[in-house]
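Asks: Given the coordinates of chain A, assemble chain B onto it according to the supplied hints.
Protein sequences appear in the order of chains A and B.
So the first sequence is numbered by the numbering used here: it starts at 1 and just counts up by one.
So the second sequence is numbered by the numbering used here: it starts at 1 and just counts up by one.
Any given hint could turn out to be false.
[To be verified] 35 Å max Cα-Cα, derived DSBU-like pairs, lysine-lysine:
1) A:521 to B:86
2) A:654 to B:43
3) B:86 to A:652
4) A:584 to B:110
5) B:86 to A:645
6) B:74 to A:589
7) A:551 to B:74
8) A:551 to B:43
9) A:614 to B:86
10) A:551 to B:86
11) B:86 to A:592
12) A:445 to B:110
13) B:86 to A:385
14) B:115 to A:592
15) B:20 to A:551
16) A:540 to B:74
17) B:20 to A:592
18) A:589 to B:105
19) A:674 to B:86
20) A:551 to B:115
21) A:551 to B:105
22) A:659 to B:86
23) B:20 to A:645
24) B:110 to A:551
25) B:105 to A:592
26) B:105 to A:645
[Claimed, not checked] Take a look, some chain A residues computed to stay more than 10 Å from chain B by CB distance:
27) 67
28) 216
29) 412
30) 508
31) 551
32) 553
33) 563
34) 653
[Unchecked claim] Some chain A residues close to chain B (C-beta under 7 Å, calculated; not the full set):
35) 507
36) 552
37) 600
38) 601
39) 605
40) 609
If you are wondering where the hints come from, they were derived from the structure by calculation, not from laboratory data.
Even glycine gets a Cβ: it sits at the ideal position worked out from N, Cα and C.
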Amino acid sequence: MQKNWKKILLSTPILLYLGLLCVDAIFYFIGIMPELIRIGREVLLVALLLLFIPYRQYLPVLRVKQVIPTLRRLFIIAIAIAIFFQVTSSALSESLYAGAEKYKIAIFLKSFILSAFSSLILVLLFLVAFGIISNLLFYKSKKTTQRNFRLLGIALLCAIAAAIWGGPDNFRETNFFANNFFGITSGILVLIMVMNAFRLTWIDFLSRKEKWSVFLLSPVVAVIGLVVYTQTPLSYLTSYSVAWAAFISLTALFISIYAIVCTVLLLLRLPTAAVFDERVRAIKSMQKLSQLISHYMPEHKLINLITEMTTQFTGSDYAWLELQTSDQKFVVRAAKNVSESEIVDSISGGESELRNWILHNKQSVLINDAMEDTRTAGLEACKKKICSLLAVPLLSKEKVLGILYAARKEINSYNEFDQDILESFAAKAAISFENSHLLKSSLEKERLEQELQIAHEAQLKLLPKQMPTIEGLDVSGVSVAAREVGGDFYGVYKKEESLRVVIGDVSGKGTAAAFYMAELKGVVEALGSIYSSPRDILIKTNSLLCESLEKNLFVTLQIANFDMQNRQLVLSRAGHNPIIWLPKAGNPKLLKPSGIGIGLDNGAIFDAMLEELKISFSPGDYFIFYTDGVIEARDARDEEFEEAKLLDILQKDKFSDAKSLKNHILDNLRQHIKGTAVHDDYTLVVVGIQNSQYSIKVGEQEIAQKPELVG
Amino acid sequence: MEGFEVTHRDDSGIAVLQLKGFLDAHTAPTLESALQNCIDEQKFKIIVNFEDLTYISSAGLGVFMGFIEEVREKSGDIKLSNMSAKIFRVFDLLGFPALYDILDKEEEAKSSFNKQ
Chain A
1 MQKNWKKILL STPILLYLGL LCVDAIFYFI GIMPELIRIG REVLLVALLL LFIPYRQYLP
61 VLRVKQVIPT LRRLFIIAIA IAIFFQVTSS ALSESLYAGA EKYKIAIFLK SFILSAFSSL
121 ILVLLFLVAF GIISNLLFYK SKKTTQRNFR LLGIALLCAI AAAIWGGPDN FRETNFFANN
181 FFGITSGILV LIMVMNAFRL TWIDFLSRKE KWSVFLLSPV VAVIGLVVYT QTPLSYLTSY
241 SVAWAAFISL TALFISIYAI VCTVLLLLRL PTAAVFDERV RAIKSMQKLS QLISHYMPEH
301 KLINLITEMT TQFTGSDYAW LELQTSDQKF VVRAAKNVSE SEIVDSISGG ESELRNWILH
361 NKQSVLINDA MEDTRTAGLE ACKKKICSLL AVPLLSKEKV LGILYAARKE INSYNEFDQD
421 ILESFAAKAA ISFENSHLLK SSLEKERLEQ ELQIAHEAQL KLLPKQMPTI EGLDVSGVSV
481 AAREVGGDFY GVYKKEESLR VVIGDVSGKG TAAAFYMAEL KGVVEALGSI YSSPRDILIK
541 TNSLLCESLE KNLFVTLQIA NFDMQNRQLV LSRAGHNPII WLPKAGNPKL LKPSGIGIGL
601 DNGAIFDAML EELKISFSPG DYFIFYTDGV IEARDARDEE FEEAKLLDIL QKDKFSDAKS
661 LKNHILDNLR QHIKGTAVHD DYTLVVVGIQ NSQYSIKVGE QEIAQKPELV G
Chain B
1 MEGFEVTHRD DSGIAVLQLK GFLDAHTAPT LESALQNCID EQKFKIIVNF EDLTYISSAG
61 LGVFMGFIEE VREKSGDIKL SNMSAKIFRV FDLLGFPALY DILDKEEEAK SSFNKQ
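Next up, chain A with everything else stripped away, as it sits in the complex:
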């Protein structure tokens, strides 16, 4: 439905125009047109004009929003109007209604139809021109723009109405503010036109080159407008329709006024156009940098980009960038149009006075005559080339990351604006450096995390995957690192009819501890295949590890052999937490033979202190090995798990096997540290003696073998 209405509405002007043409023909042959009919015809022509307005949305030329293409189209239309107007005016100069009676039909066909069509074409051209100008007026429009434009439209309609009222003769002879309706209305219209003509916001957005071409072409448009304005009243247009002629001449006048104002404003702006351009360029560079900042860029690329852009937007001959290294020195990292050695020899040398000034004041420096300034006294090599200089610090939280320099060959060639703009550029550059660093370090961090994950998996492989099975023994163990890798270690080895349990702890935690843990495992396993006595293995381990361990690191280690043949535990302890012996009947006991940690002493004292303890075990006994991480695990209030609590747990409960005992301890431990991070690596190994063919022989005697001094 709506579409149909639109079609009807759009076809109305054409029907109306054809209808009017018929009416014209009738009255042409009658010879006289009554005043009322004349006014009615003109009113209909004005309506026709207004009915053309909805067509604007179908014209691509009016949809262009960019300034330069819009101006180009306006210029082309102005030229088209000029040519068309001149050609038709000279062809149709004779009066339309005064022709020889006998040639009436021929004249009608030749002159009247032709002028009717020419008028229509010209009106349409002006409508388009008016549309284009209205687009320019509304460029970055304000609230008042709309209001002023409406005022213009109303005033134009009033003036056209006055022209219709006054008739063709009145229109031909009347000047502005003449004492009749048309004179007064057109006078007011001109004032409103001037008011609207100052809407030239788009001028500021033209580049210098564009300003020049607009400046040169707008007078042409102004002249065309003026010619059309002055000649229309006397041309065939007025004869055809006063309303249309008034519209054309007044619109031409407006175009002309607009072009004149435009020319004058451009004339005023041309001297500053270069500066304006420079500023626009600077702002654009800044935008470009902002965009680049949002992408990750390797530092060396960023450095080159910043230096390159500095020469571009400050219009400098040279630019270079020095950055602070990790040892607080400043190094030239990029230089544009100048060799690095030249600057190092002069401005950016080891102890530059200029740099010291910047570091001290944290401000930028503008030097307009490098020869005169004391801060550039060392400017020997560049004397001839660098005469003006801008030096701006790249600041990040009061820290000078680096200094950006821009220089020109001429003296006095920088001003405060250049300094300001380079300062804000440097501020952005500093941010992009920060970002680049942050991103780099986070990438680095990610890489390290991956490596640690690999290390974590590698370390897991160092721990027993499966417990060796040995008749009469039941073993379960767990080791948890506080970080990805840790210094705790345990191993369970089967050797004929005995089982060896090794548990150790490298002091400290993290990567360093993990390396020693790996070494410890290798050493203990190698020595374990040679020696069978726990004490012997520990003594050899100490003498080997003392060489490689750092002075302030030590290892606690405990080795226990479960000899199933003799139902005996042989145990030696190098500074490690004592084993808990949980007999089937009776209270838990701590087995603590004497012995100092590995790495504390490299010989005699270690060996002398180290005891070997022998215990007879029975079915139903449990032996609990653990590292300090278990009893020193802290809860949210920093309270430790403590040995006493561990013993208490073991005393109270009964267990079916080694695994359930281990899990019971772990549950208590996890309950204790709930809500806090694991502070230290912890390891727990439980060995249970099972009922077997071995006869039960309770043996509680402890045989402490005093060691002999070695060496």
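Replies: Coordinates of chain B only, in the frame set by chain A:
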């Protein structure tokens, strides 16, 4: 987490380091630099008073091992005193008493230095 403090006193040629708080891997460097200062000042007779120390980790123990050799080479010593039972247990477990002079009171440490 509690902090850690080292107070340095000078008692007739003997340097006394009074420890306070929590000695672990994070706070160990403070003690390290305090001991290093003593050595830089050519003071090789050092007493470390543990009276106000609430916790010591393996990294804390390691600090003494890092310096004892050098101090003893210069015919000095690091003596440890005023340990709480809990702190002593950590030292004892590791076998420190076999290698270090651990005394109940600071005064005893002083007099043992003076006897030498």
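Asks: For every hint, state whether the structure bears it out.
Replies: Outcome of the hint check:
1. A:521 to B:86: The hint holds at about 30 Å.
2. A:654 to B:43: Not satisfied, since the Cα-Cα distance of roughly 57 Å exceeds 35 Å.
3. B:86 to A:652: holds, 24 Å
4. A:584 to B:110: Violated. Residue 584 of chain A to residue 110 of chain B sits at ~50 Å, over the 35 Å cutoff.
5. B:86 to A:645: holds, 15 Å
6. B:74 to A:589: Violated, because 43 Å separates the two Cα atoms, which is more than 35 Å.
7. A:551 to B:74: holds, 17 Å
8. A:551 to B:43: holds, 21 Å
9. A:614 to B:86: Holds, at roughly 28 Å.
10. A:551 to B:86: Since the Cα atoms of residue 551 of chain A and residue 86 of chain B sit roughly 25 Å apart, the hinted pair holds (cutoff 35 Å).
11. B:86 to A:592: Distance ~17 Å between residue 86 of chain B and residue 592 of chain A Cα, so the pair holds.
12. A:445 to B:110: Violated. Residue 445 of chain A to residue 110 of chain B sits at ~50 Å, over the 35 Å cutoff.
13. B:86 to A:385: Between residue 86 of chain B and residue 385 of chain A the Cα gap is close to 75 Å, so the pair fails against 35 Å, i.e. violated.
14. B:115 to A:592: holds, 34 Å
15. B:20 to A:551: Given that 35 Å is the threshold and the Cα spacing comes to 24 Å, the pair holds.
16. A:540 to B:74: holds, 30 Å
17. B:20 to A:592: Distance of about 30 Å is within 35 Å: holds.
18. A:589 to B:105: holds, 31 Å
19. A:674 to B:86: Judged against 35 Å, a Cα distance of about 24 Å means the pair holds.
20. A:551 to B:115: holds, 29 Å
21. A:551 to B:105: It holds: about 28 Å lies between the C-alpha atoms, which stays within 35 Å.
22. A:659 to B:86: holds, 31 Å
23. B:20 to A:645: holds, 26 Å
24. B:110 to A:551: Holds - the C-alpha atoms of residue 551 of chain A and residue 110 of chain B are around 27 Å apart, at most 35 Å.
25. B:105 to A:592: holds, 27 Å
26. B:105 to A:645: Holds: residue 105 of chain B and residue 645 of chain A sit about 30 Å apart, inside 35 Å.
27. 67: holds, 65 Å
28. 216: At roughly 76 Å from the nearest Cβ of chain B, residue 216 of chain A sits farther out than 10 Å, so the non-interface label holds.
29. 412: holds, 55 Å
30. 508: violated, 5 Å
31. 551: Since the minimum Cβ distance to chain B is about 5 Å, residue 551 of chain A lies within 10 Å and the statement is violated.
32. 553: The claim breaks: residue 553 of chain A does not keep its Cβ more than 10 Å from every Cβ of chain B (closest is about 6 Å).
33. 563: holds, 26 Å
34. 653: holds, 25 Å
35. 507: holds, 4 Å
36. 552: The hint holds - residue 552 of chain A has a Cβ within 7 Å of chain B, the shortest such distance being about 4 Å.
37. 600: Holds - the Cβ of residue 600 of chain A comes within 7 Å of chain B, reaching about 6 Å at its closest.
38. 601: holds, 6 Å
39. 605: holds, 6 Å
40. 609: With Cβ-Cβ at 5 Å, under 7 Å, it holds.
Checked against the numbered hints given earlier, the structure breaks hints 2, 4, 6, 12, 13, 30, 31 and 32 and satisfies all the rest.
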